[in-house]
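Undergrad: Can you build the whole structure from these sequences, using the hints too?
These protein sequence lines are chains A and B, in that order. With the numbering used here applied, the first sequence corresponds to residues 1 to 235, in that order. With the numbering used here applied, the second sequence corresponds to residues 1 to 235, in that order.
Be aware that a few hints might be false.
What the hints assert, rightly or not - Per the computed footprint, the stretches of chain B lying under chain A, defined by three or more beta-carbons under 8 Å from a beta-carbon of chain A, are: (1) 98 to 104; (2) 107 to 114; (3) 131 to 140; (4) 209 to 220.
None of these hints come from the bench; they were simulated from the model. Think of the CB as a built atom: it goes at the ideal place given N, C-alpha and C, for glycine as much as any other residue.
2 protein chains.
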Amino acid sequence: MNLLLLEDGDFVAADRVRLSGRRLKHLHEVHRAEAGDSLRVGRVNGLMGRGQLLSLSADTAELQVELDQAPPAKLPLTLLLALPRPKMLRRVLQTVSAMGVPRLILLNSYRVEKSFWQTPFLAPEAIREQLILGLEQARDSVLPEVTIEKRFKPFVEDHLAQLAAGSLGLVGHPGDYPACPRAVEGPVTLAIGPEGGWIPYEVEKLQQAGLQPVQLGERILRVETAVSALLARLF
Amino acid sequence: MNLLLLEDGDFVAADRVRLSGRRLKHLHEVHRAEAGDSLRVGRVNGLMGRGQLLSLSADTAELQVELDQAPPAKLPLTLLLALPRPKMLRRVLQTVSAMGVPRLILLNSYRVEKSFWQTPFLAPEAIREQLILGLEQARDSVLPEVTIEKRFKPFVEDHLAQLAAGSLGLVGHPGDYPACPRAVEGPVTLAIGPEGGWIPYEVEKLQQAGLQPVQLGERILRVETAVSALLARLF
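TA: Next comes the structure, spelled out in structure tokens:
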């Protein structure tokens, strides 16, 4: 982790935290930290800054922290993603969080296997865990907002047009479409399909809600690769 | 897999192949294929086309193939990558192969842990296996060329300048550098560092060989994400 993220419950005083568990283990095993060391820290959904290790044992670490830096800017993006398979979901959540996506909507699609909706990785605390890993990687402290829409049609028919209003609406979709634009100004709403892509009915529905299909070339990319490639090209 | 890749050893006649093992299992379990089905196929380092399933059993599948399509164009890129940790290496090899990188050089760096060089995933057949998975994903049939340079200094001092001659030479490196250019024309030589980045001495050596540092913003990305983001921005 490139940033030590602090939870509200870690604070034992306004400028002091006590850590155990995963982060303590990481301090020992990866950072090989010692008392006196200075580390980059951030408070979840708050400011970032430096923390000085006051003490470190097998059970606990105590740090004095100074939080005075704003976290990095987020992308002006709402990302709709057909629910990926569970293993991919975890990695995509980290990627989305690391790249600075502020709003993610996990959406159903015809080609999303029904079993994917049963995964324990969709539990709020499991989603949060992956988002935190992404923030620690990228040095950001603000959690993206993740919502789950298990029904494609009512969401796209009744809510998407309003949600996408005032933004550039795009659907990543292989085929005979314009190339994905580069370096856009202003907010974007981007929908990325499942492995195998959206079905034509879904593309049509997304278009009716104001999203235009764009493509990234003839190569079929894994969802995680498509997400980072599309975001790097758009912003 | 979005393309069934055929090895020379699969051919029992000029237009007929017999499959077993992983690909047969995939045909059964994922494609749920049946005799008569038509599939996208490609011959490793050769043409792509269609294959018709003549027969399919628990032990073997036989296809009649017609190979008449050129594989997709590769990127005009030589990618230098500090050797990633073994688990990441496997995924990066798939990403590199899927995105159409024709030449990859795995390079040592001060921040590459010595133990990474011991991984069995660096064996030629293990590298090839991951590259094949990337080609199957992206629908390409031509294997990238992968070379291994275990000594940074002699490679960068004695070979890199010549290798990068006539191309736009870039080092992906966080810091106060110009932003990575977009939509470049012509060939590129791009070096991407390890987790934690190149050390200043290495950046200097890469610069002496003609590679200029460029950055992708203040977020620190995992190697795999950085690879796909940089390539999507450059090409």
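Undergrad: Each of the hints needs a verdict: does it hold here or not?
TA: Evaluated hints:
Coverage of the stretch 98 to 104 of chain B by chain A holds. Counting CB-CB distances below 8 Å, 3 residues qualify, and the rule asks for three or more. For a cut-off of 8 Å, the count of residues in the stretch 107 to 114 of chain B with a CB near a CB of chain A stands at 0, and the three-residue condition is violated. Counting residues of the stretch 131 to 140 of chain B whose C-beta lies closer than 8 Å to any C-beta of chain A gives 4; at least three are required, and the coverage claim holds. Check result for the stretch 209 to 220 of chain B against chain A: holds, 5 residues qualifying (beta carbon to beta carbon below 8 Å, three or more required).
When held up to the earlier numbered hints, the structure conflicts with hint 2 and nothing else.
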